[in-house]
Amino acid sequence: MKITIIGTGYVGLVSGACFADLGNDVLCLDLDAERIAALNAGRVPLYEQGLEALVRHNATAGRLRFTTDVAASVAHGQVQMIAVGTPANRDGSADLQCVIAAARGIGRHMADYRLVVNKSTVPVGTAERVRAVIAEQLAQRGCRTDYGVVSNPEFLKEGAAVTDFMRPDRIVVGAGDERAIQMMRQLYAPILRNHDRMLVMDPRSAELTKYAANAMLATRISFMNELANLAEKLGADIEAVRQGLGSDQRIGYHFLYAGAGYGGSCLPKDIQALQYTAGEYGMQLGIIDAVEQVNRTQKQRILDKVRARFGEQLAERTFALWGLAFKPGTDDMREAPSRVVIDGLLARGARVVAYDPAAIEQARHIYGGEDGVRLVASTTATLDGADALIIVTEWKEFRSPDFDDMKRRLQSPVIFDGRNLYDPAWMRRAGFEYFAVGRSD
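In the numbering used here, the protein residues as written are 1 to 441.
If you are wondering where the hints come from, they were derived from the structure by calculation, not from laboratory data.
From a predicted model like this one, the values you see are computed outputs, not experimental measurements.
Honestly, I wouldn't trust all of these hints.
To be verified - The calculated DSBU-like cross-link candidates involving lysine-lysine, where the alpha carbons are at most 35 Å apart (straight line), are:
hint	residue 1	residue 2
1	K2	K157
2	K233	K305
3	K407	K233
4	K396	K327
5	K407	K305
6	K327	K407
7	K233	K327
8	K407	K396
9	K305	K327
10	K2	K396
11	K327	K157
12	K396	K233
13	K157	K305
Unchecked claim - Label pairs and their computed distance ranges (CB to CB):
hint	residue 1	residue 2	range
14	A240	A33	51 to 57 Å
15	A132	K396	45 to 51 Å
16	R348	G252	35 to 41 Å
17	H57	A160	14 to 20 Å
18	Q182	D95	31 to 37 Å
19	Q243	L192	30 to 36 Å
20	Y276	A111	33 to 39 Å
21	A240	P45	42 to 48 Å
22	W426	R348	27 to 33 Å
23	Q249	D304	33 to 39 Å
24	K2	D248	44 to 50 Å
25	A72	G279	37 to 43 Å
The beta carbon of each residue, even a glycine, is placed where N, CA and C say it ideally should be.
Using the sequences and the accompanying hints, generate a full structural model.
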């Protein structure tokens with residue numbers, strides 16, 4: 001199939017590369033000329049495991065190309081897939097400017113049937129808005145060309161997006177006409193050979209499904225974090241509680257880890273958009289409101305423990321920090337707990353020496369002009385002379401460090417672990433002051 005992907009951000013680039021790898025002829029459109037130039041030169045402007053090799057392989061094979069030409073992109077693909085960003089506005093609503101602009105471009109240039117597939121995360125009712133925008137453009141041209149509009153939300157995890165695309169739990173399709181449904185089945189046929197995982201529903205239900213999924217994941221995280229805080233008061237161990245909960249098949253183990261709070265480009269934004277949507281209909285989502293409040297509080301918990309140990313004023317203190325990305329496997333620092341921790345330490349006069357396997361360049365963009373932050377190239381380089389170590393992201397390379405070397409390098413053997421990587425009893429025996437999340441020895 002000939003496919004046009006509108007937007008070369010995280011979702012668009014992963015989708016384009018994966019569709020090309022399945023043998024399709026894919027043209028990716030983006031109005032950012034520098035980004036397109038980089039992609040045409042073989043440089044992938046974001047970190048995602050396996051993506052760069054996939055892009056280069058399919059670009060070399062001629063199945064994946066990049067352009068800034070809107071007319072050419074509309075002419076190319078019978079499938080026009082919108083995968084642009086929908087950032088949060090100040091009031092929490094989703095900014096649909098890029099989605100509407102993409103629809104307007106399709107309507108302005110299409111000459112025959114196009115299936116418009118909305119893969120961006122959008123509020124309920126957006127498919128109808130896209131359809132109306134295209135109809136308006138066609139009417140202005142006096143054109144009666146037929147077209148379809150489908151909602152096809154993505155469920156990609158940063159750090160595992162390529163695998164998630166090729167081996168999805170489900171493919172949600174919101175469509176109201178048979179031609180569009182059959183084209184979507186053809187589009188995804190190569191990854192549905194084992195068994196049919198396509199769930200067909202109306203567009204509004206498909207749009208709500210995306211928000212509901214992320215709201216559920218955020219709820220599980222905040223629920224466990226709140227229980228972890230209670231466990232600390234009770235002298236219980238949240239890790240034992242997690243295993244007791246997860247062993248119940250009705251609950252399962254996924255997203256039951258206590259920690260420093262969730263971040264990234266999806267959960268925080270989608271929670272706010274869902275709250276805004278409910279408000280438009282005169283509703284307040286009490287559970288969702290609590291989920292967001294708990295998450296905001298949880299991001300402060302490490303700072304609370306640091307202040308309890310070292311005092312309110314941290315001038316002349318230096319803290320080693322492991323992990324800048326909001327989760328392992330990505331360089332994304334949007335809404336990352338690390339930013340709350342760093343900003344809080346700087347506000348109290350402390351210095352921070354930080355390392356992350358993937359997010360150093362992103363951190364330079366954020367903290368490049370900040371004298372109190374030094375970014376280094378290894379875990380050990382953060383430790384020399386630091387008053388304590390703070391762990392914010394659970395990268396694999398942090399799981400089994402040389403603890404004797406850590407004790408020699410640190411000014412004092414103090415660790416604040418926001419991801420519960422180590423066993424508290426063992427750490428105490430090894431001579432560390434170890435502050436985890438909801439753990440007891």
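Here is how each hint holds up against the structure:
1. K2 x K157: 26 Å, holds
2. K233 x K305: 14 Å, holds
3. K407 x K233: Within the cut-off at roughly 28 Å; holds.
4. K396 x K327: 11 Å, holds
5. K407 x K305: 20 Å, holds
6. K327 x K407: Holds - the C-alpha atoms of K407 and K327 are around 26 Å apart, at most 35 Å.
7. K233 x K327: 27 Å, holds
8. K407 x K396: Holds, because 20 Å separates the two Cα atoms, which is no more than 35 Å.
9. K305 x K327: It holds: about 21 Å lies between the C-alpha atoms, which stays within 35 Å.
10. K2 x K396: At roughly 39 Å apart (the allowed maximum being 35 Å), K396 and K2 break the hint.
11. K327 x K157: At roughly 10 Å apart (the allowed maximum being 35 Å), K157 and K327 satisfy the hint.
12. K396 x K233: This hinted pair holds, its Cα atoms lying about 29 Å apart.
13. K157 x K305: Between K157 and K305 the Cα gap is close to 30 Å, so the pair holds against 35 Å.
14. A240 x A33: 51 to 57 Å: Given a distance of about 55 Å, which is inside 51 to 57 Å, the answer is holds.
15. A132 x K396: 45 to 51 Å: At roughly 48 Å between Cβ atoms, K396 and A132 fall inside 45 to 51 Å, so the hint holds.
16. R348 x G252: 35 to 41 Å: 40 Å Cβ-Cβ, so the 35 to 41 Å window holds.
17. H57 x A160: 14 to 20 Å: At roughly 19 Å between Cβ atoms, A160 and H57 fall inside 14 to 20 Å, so the hint holds.
18. Q182 x D95: 31 to 37 Å: 33 Å, holds
19. Q243 x L192: 30 to 36 Å: Holds, at about 35 Å.
20. Y276 x A111: 33 to 39 Å: With Cβ atoms ~37 Å apart, the hint holds.
21. A240 x P45: 42 to 48 Å: 43 Å, holds
22. W426 x R348: 27 to 33 Å: With Cβ atoms ~31 Å apart, the hint holds.
23. Q249 x D304: 33 to 39 Å: Taking Cβ atoms as reference, Q249 and D304 lie about 36 Å apart, which means the hint holds.
24. K2 x D248: 44 to 50 Å: Since the Cβ atoms of K2 and D248 sit about 48 Å apart, the hinted range of 44 to 50 Å holds.
25. A72 x G279: 37 to 43 Å: 41 Å, holds
In the structure shown, a violation is registered for the earlier hint numbered 10 alone.
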